[in-house]
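Residue 3 is where the sequence shown starts when you use this note's numbering, and the numbers rise one by one after that.
Note that these hints are calculated values from the structure, not bench results. Among the hints, erroneous ones may be present.
[To be verified] DEER-style ranges, computed between Cβ atoms:
{"#": "1", "residue 1": "S16", "residue 2": "T69", "range": "26 to 34 Å"}
{"#": "2", "residue 1": "T5", "residue 2": "E59", "range": "17 to 25 Å"}
{"#": "3", "residue 1": "E73", "residue 2": "H17", "range": "27 to 35 Å"}
{"#": "4", "residue 1": "D34", "residue 2": "E63", "range": "14 to 22 Å"}
From the three backbone atoms N, C-alpha and C, an ideal C-beta is built for every residue, glycine too.
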Amino acid sequence: MATQSFTVSGMSCSHCVNAVTEELSAVPGVTDVQVSLDSGAVTVTSERELPQSALAEAVEEAGYSITRWAEAS
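Could you build all of it, start to finish, from the sequences and the hints given here?
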């Protein structure tokens, strides 16, 4: 399992959270998505490390953008 974290800008309501969650959940290999409306923090758990471009594309499809990637631990 792999976990990737980043910050998404522009979310302002539960519909925003649902849109981001839905698009990220559709990326092949994703097993869990946690989104915080308050901070914009997103954590994606997947079967393997996914390309950042695939996650960024999913977030953009939802109408938002990634502003910062968390450092890998």
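Taking the beta carbons of E73 and H17, is their distance inside 27 to 35 Å?
holds (30 Å)
Could you tell me whether the CB distance from D34 to E63 stays inside 14 to 22 Å?
holds (19 Å)
Given a hint of 17 to 25 Å, does the C-beta separation of T5 and E59 actually sit inside it?
Holds - the Cβ-Cβ distance for T5 and E59, about 19 Å, lies within 17 to 25 Å.
How does the Cβ-Cβ distance of S16 and T69 compare with 26 to 34 Å: does it lie in that range?
violated (20 Å)
Against the hints set out earlier in the document, a violation occurs for number 1 only.
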